[in-house]
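Participant: Protein chains in written order, with numbering that gives the first Met the number 0: chain A, 0 to 249; chain B, 0 to 439; chain C, 0 to 488.
If you're looking for bench data, these hints aren't it; they were derived computationally from the structure.
Heads up, a few of these hints could be off.
Under the rule of at most 20 Å between Cα atoms (straight-line distance), these lysine to aspartate or glutamate pairs were calculated in the EDC-like manner [stated by the list, open to error]:
1) A:K164 x A:E68
2) C:K236 x C:D184
3) C:K390 x B:D387
4) A:K49 x C:E270
5) C:K432 x A:E88
These numbers were taken from a predicted model, which means no experiment stands behind them.
One letter stands for each residue in the lines below.
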Amino acid sequence: MLEIKNLVVQIEDNRILNGLNLTVNDGEVAAIMGPNGSGKSTLSYVIAGKEDYEVLDGEILLDGQNVLEMAADERAAAGIFLAFQYPLEIPGVGTMTFLKACLNAQRKARGEDELSTPDFIRAVNAAADKLEINKEMLKRALNVGFSGGEKKRMEILQMALLQPKFCVLDETDSGLDIDALRIVSEGVNALRAQGRSFLVITHYQRLLNHIVPDTVHVMSKGQIVKTGGKELALELEASGYAEYRTSEAA
Amino acid sequence: MADVTNLRSPAEAGLSKLFESSRKAFASDQAISREEAFRFFEATGLPSRRVEAFKYTDLRAAITEAAPPAEAPSEDAARAAVAGVKGFAEVEAARLTFVNGHLVAALSDLDRIPEGVTVAPLNEALAQGDARLKLLAPVEQVRENPIYQLNTAFLADGALISVAPGAKPRTPVHLRFVGTGATAFSTATRVLVEVGAGAEFFLLESHEGPAGLTYQPNDALDVHIGEEAAFRHTRLNREGDAAIALSTLSVRLDARAQLETVNLVTGAKLSRHQIYLHVAGADANAVVNGATLLGHGQLADSTLLADHAATGGVGREMFKTVIDGDSTGVFQGKIIVRQVAQQTDGKMKSDCLLLTDDGQMMNKPELEIFADDVACGHGATCGAPDEDLLFYLMARGLPRATAESLLVQAFIGEAVETVTHEGARDALIGGIEAWLAARG
Amino acid sequence: MPAVQETIDRVRSIDIDQYKYGFETVIEMEKSEKGLSEDVIRFISAKKNEPEWMLEWRLDAYKRWLTMKEPEWARVAYDKVDYNDIYYYAAPKRKGPESLDEIDPEILKTYEKLGIPLREVEALEGIAPERRVAVDAVFDSVSVATTFRKELEKAGVIFMPISEAIREYPDLVRQYLGSVVPVTDNFFATLNSAVFSDGSFVYIPPGVRCPMELSTYFRINERDTGQFERTLIIADKGSYVSYLEGCTAPKRDDNQLHAAVVELVALEDAEIKYSTVQNWYPGDNEGKGGIYNFVTKRGDCRGARSKISWTQVETGSAITWKYPSCILRGDDSRGEFYSIAVSNGMQQVDSGTKMIHLGKNTTSRIISKGISAGRSQNTYRGLVSAHKKAKGARNFTNCDSLLIGDQCGAHTVPYIESKNASAVFEHEATTSKISEDQKFYCQQRGLSEEEATALIVNGFVRDVLQQLPMEFAVEAQKLISISLEGSVG
Numbered sequence: 000m001l002e003i004k005n006l007v008v009q010i011e012d013n014r015i016l017n018g019l020n021l022t023v024n025d026g027e028v029a030a031i032m033g034p035n036g037s038g039k040s041t042l043s044y045v046i047a048g049k050e051d052y053e054v055l056d057g058e059i060l061l062d063g064q065n066v067l068e069m070a071a072d073e074r075a076a077a078g079i080f081l082a083f084q085y086p087l088e089i090p091g092v093g094t095m096t097f098l099k100a101c102l103n104a105q106r107k108a109r110g111e112d113e114l115s116t117p118d119f120i121r122a123v124n125a126a127a128d129k130l131e132i133n134k135e136m137l138k139r140a141l142n143v144g145f146s147g148g149e150k151k152r153m154e155i156l157q158m159a160l161l162q163p164k165f166c167v168l169d170e171t172d173s174g175l176d177i178d179a180l181r182i183v184s185e186g187v188n189a190l191r192a193q194g195r196s197f198l199v200i201t202h203y204q205r206l207l208n209h210i211v212p213d214t215v216h217v218m219s220k221g222q223i224v225k226t227g228g229k230e231l232a233l234e235l236e237a238s239g240y241a242e243y244r245t246s247e248a249a
Numbered sequence: 000m001a002d003v004t005n006l007r008s009p010a011e012a013g014l015s016k017l018f019e020s021s022r023k024a025f026a027s028d029q030a031i032s033r034e035e036a037f038r039f040f041e042a043t044g045l046p047s048r049r050v051e052a053f054k055y056t057d058l059r060a061a062i063t064e065a066a067p068p069a070e071a072p073s074e075d076a077a078r079a080a081v082a083g084v085k086g087f088a089e090v091e092a093a094r095l096t097f098v099n100g101h102l103v104a105a106l107s108d109l110d111r112i113p114e115g116v117t118v119a120p121l122n123e124a125l126a127q128g129d130a131r132l133k134l135l136a137p138v139e140q141v142r143e144n145p146i147y148q149l150n151t152a153f154l155a156d157g158a159l160i161s162v163a164p165g166a167k168p169r170t171p172v173h174l175r176f177v178g179t180g181a182t183a184f185s186t187a188t189r190v191l192v193e194v195g196a197g198a199e200f201f202l203l204e205s206h207e208g209p210a211g212l213t214y215q216p217n218d219a220l221d222v223h224i225g226e227e228a229a230f231r232h233t234r235l236n237r238e239g240d241a242a243i244a245l246s247t248l249s250v251r252l253d254a255r256a257q258l259e260t261v262n263l264v265t266g267a268k269l270s271r272h273q274i275y276l277h278v279a280g281a282d283a284n285a286v287v288n289g290a291t292l293l294g295h296g297q298l299a300d301s302t303l304l305a306d307h308a309a310t311g312g313v314g315r316e317m318f319k320t321v322i323d324g325d326s327t328g329v330f331q332g333k334i335i336v337r338q339v340a341q342q343t344d345g346k347m348k349s350d351c352l353l354l355t356d357d358g359q360m361m362n363k364p365e366l367e368i369f370a371d372d373v374a375c376g377h378g379a380t381c382g383a384p385d386e387d388l389l390f391y392l393m394a395r396g397l398p399r400a401t402a403e404s405l406l407v408q409a410f411i412g413e414a415v416e417t418v419t420h421e422g423a424r425d426a427l428i429g430g431i432e433a434w435l436a437a438r439g
Numbered sequence: 000m001p002a003v004q005e006t007i008d009r010v011r012s013i014d015i016d017q018y019k020y021g022f023e024t025v026i027e028m029e030k031s032e033k034g035l036s037e038d039v040i041r042f043i044s045a046k047k048n049e050p051e052w053m054l055e056w057r058l059d060a061y062k063r064w065l066t067m068k069e070p071e072w073a074r075v076a077y078d079k080v081d082y083n084d085i086y087y088y089a090a091p092k093r094k095g096p097e098s099l100d101e102i103d104p105e106i107l108k109t110y111e112k113l114g115i116p117l118r119e120v121e122a123l124e125g126i127a128p129e130r131r132v133a134v135d136a137v138f139d140s141v142s143v144a145t146t147f148r149k150e151l152e153k154a155g156v157i158f159m160p161i162s163e164a165i166r167e168y169p170d171l172v173r174q175y176l177g178s179v180v181p182v183t184d185n186f187f188a189t190l191n192s193a194v195f196s197d198g199s200f201v202y203i204p205p206g207v208r209c210p211m212e213l214s215t216y217f218r219i220n221e222r223d224t225g226q227f228e229r230t231l232i233i234a235d236k237g238s239y240v241s242y243l244e245g246c247t248a249p250k251r252d253d254n255q256l257h258a259a260v261v262e263l264v265a266l267e268d269a270e271i272k273y274s275t276v277q278n279w280y281p282g283d284n285e286g287k288g289g290i291y292n293f294v295t296k297r298g299d300c301r302g303a304r305s306k307i308s309w310t311q312v313e314t315g316s317a318i319t320w321k322y323p324s325c326i327l328r329g330d331d332s333r334g335e336f337y338s339i340a341v342s343n344g345m346q347q348v349d350s351g352t353k354m355i356h357l358g359k360n361t362t363s364r365i366i367s368k369g370i371s372a373g374r375s376q377n378t379y380r381g382l383v384s385a386h387k388k389a390k391g392a393r394n395f396t397n398c399d400s401l402l403i404g405d406q407c408g409a410h411t412v413p414y415i416e417s418k419n420a421s422a423v424f425e426h427e428a429t430t431s432k433i434s435e436d437q438k439f440y441c442q443q444r445g446l447s448e449e450e451a452t453a454l455i456v457n458g459f460v461r462d463v464l465q466q467l468p469m470e471f472a473v474e475a476q477k478l479i480s481i482s483l484e485g486s487v488g
């Protein structure tokens, strides 16, 4: 599904990713763990196509197609979805308006017909119910005045609605209480399917109790330094990142 | 329309006569072009309310007579005048005393100037054609200001202050302006401050004068803040109740320079304090505050122009006005952000508390933005003290007047509490308390 | 910064063709002689069969105008108009239609192209028949059709061309004309008083809620023709009316002058809601051509508890000079001003409002959203004042500017004058650019950069769009997107 080859990225002369290699197979849930500053968020932004990063070398292939030349919206239409660590507030733009605009833009880019309004509302309501999202929230401006947990649930709602192929969850557990964590995780798990892969970026193991990964990668100094099964996460929880930090400092 | 501007008011005609007659006295100083300045002034005349920048402060109507430039006072007269002045009296400082616009060496601490600072009387500097005089008028727009030009034309005395690069004297220099006399007079002083790179300098400035006399001070302060230097300026306007006091502060800020200037106005029948900032270097920081307390029949005008011509400048301008009685407060502020001045962060605020129905407040906060990556804003509010708050305080047992005073103090205190120099801050707070006490 | 260059290129490449109302209608016109003189004014007055007092009024205005100077305080720069090189009167030769069938078919076609329903039947066939709109269409100097007149008459509402009202309701017109915008108010209003040729007249009788939206559609067609329409709306005690105004003009290389006057009078407990979508031709991307829009609009809240609300969406014109204002004379009266001003290319906008508080407990609210792109200059200029007697006056002002690209300017010039302690004024203004993070977020969800920009801008102007009647809001939203096309790099 997604293949990253020798990715080298810098921002304002600071090298963040140093020849990173990563493969996520079809239907796989891969987790990336690592200490702060190891480049996890940078990786998620580069996959999604944020402009501030300079890609010096390497490729990101989605189903064999290099996405680095594509603009962020083209990548979205190709099926890449980033659940933001800090979802943006957009004053004045109604949540429903936003959802509809995104959904139809992607459908249009893929040569599909626009969704009719009743179908759209039905789809949103169904997704909202699952995520225990209050209908009143949908009437407000996007993310404006939402709590941290509400914003994260809104991210998963968008994911459910847009049905992407490849989902990147950037620290989705940060700022969530235990109930919200459960709701968000259930939302994600419901979307697990053949033809859809996940890259779950997290600092802590606790999210991975809820979204159980197939593989766990450890990232440090802009590279994947260790890969293993879900038990690797538990090891890390016990031993901490100290080992990887020293390697970073070296 | 054209022939209207040619009609000169008696005061304008008087000023022309005064300029002609004092021309001889101006020796042969070539360093400033008085002639050019006066021609400029003559062309515009005393600005009336038809001139946009003087819309709320009609100098043509206010100045009915041209007051003659004051002579230098005798030492005895100067001593008598200074005896009762209070401005910053409690603050330890090296004082430069100006009586009726003339530097009085005997009442000044010219021999106790803090280390790293040099002071030269302006008259000497003019006579010698001091090279630093080229730093006068550090902001382009100030050269189009009739008040500033009038100051140049009649410039009688002042000082040149230089702070050596890296010097950080703890003791402030205090410019103590005192007016005295029995008949109307005018003054024109100019102080030039050059703060060297990396230096930090405190300047205090106080203005006091006799009650009941229509004297007309016109003071200008030109400042050049070098790279990474800091200039902290605290000003007190306690002019006499009939004075027409005009003043101009122009400041050029180089890269990473810091400016702090706070002006407390309680005096003068009419005052106009003009502040011109030219942000010439990147990442400079300017804090400009004003606190104005007006009683009966006063007009106080604070006019500010902040011209951002370099990236990353931060400007924080806060003006607070309290009006009791039939006085008028005026705030005109303009932030210009030039196309090169990306990432400028400018916030300007003018708040007014009207304590009686007779007062009025005129606010004109402007933004002129040519750079897209900026965060600029301004706010203006005007109203009576919050009745709910007053009630709350009164319900706790405070008499209405005390409650009102408390609210006024809290309101205006915001503009002075950021003053870095503790003594200067206490002096401003003392000034506010004195005004409230006198109000009763 | 390559992005900047790209922006410039994109802006340059905007074809004037995106102004889709830029076509010209070829019909036979009757015009006054070029230039302005007493004879021309007599000609206009005679063409309109005006009573003597009206002619005198015009001639008086003309004499005053000759002594006046064109104002220069606004932040706009333009080649001065040669007032003797334009036609002050142009009318289709076929005139005085008794029914739509008598209107020149070319004009009907024009309005069809513009999407303005002049045929009542068509309007009735609309999706929401309960939201019918009565239209008065003004083509160059004359009103060509007014729809739904019979039905309005039943409710006692008078809605007709002002030229007819002068003949049919001279007392009403005489009582109110020039009572809000005096003949000598300003250079452009005085010129309008001398030469205005047509416009709309509305009178809503006491207690009547006007049964439908009233609308005037202005179209400048002829070359070298100034348009000087005059609108007078009177809402008598306890009545209500919502009025819409739309404007377009053909693309031409030279500038055309539009100097209108709109006067609103709201008596006790009456309410007038006046909405404008101004889409005059803005000129090409080098600043050639386009309409000079010098308009005086003022409402007088004459009666207690009356209310006047101005909503404007300004996307067109080369120069906009326009300050719809409210005089809050009646106690407890209320004035509102909601504005979106979008400028792109070389457009210059100087617009805002005046809220003059004279009565007790009067309130006003100003929401202004300026968006500058391309190489345009966009200025908000406003006055809020409280007279000594305006006890308890309240104003809230919020003016925000958004800059797209670094070749444009956004300026704010508010005057806030309080002469009264019990008046509470609050004013806030901000200038910022569209956040890159917000844009990236939208793009990550699949929106193109332009769509993302349009979406965020629509969010930015939402408070104002909400004030517009629904059909207008949709049209306005589209217009904003169109006028910002090519503004992102």
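Participant: Are the hints correct? Go through all of them and say.
Facilitator: Hint check:
1. For the suggested pair K164 of chain A and E68 of chain A, the alpha carbons sit about 19 Å apart, so the restraint of at most 20 Å is met.
2. Of the pairs offered as hints, the one joining K236 of chain C and D184 of chain C is violated, with about 27 Å between alpha carbons and a cut-off of 20 Å exceeded.
3. Between the alpha carbons of K390 of chain C and D387 of chain B the distance comes to roughly 18 Å, so the proposed pair stays at or under 20 Å and holds.
4. Simply put, K49 of chain A and E270 of chain C have alpha-carbon atoms about 50 Å apart, too far for the 20 Å limit, and the pair is violated.
5. Of the pairs offered as hints, the one joining K432 of chain C and E88 of chain A holds, with about 15 Å between alpha carbons and a cut-off of 20 Å not exceeded.
Consistency note: the structure conflicts with the earlier hints numbered 2, 4.
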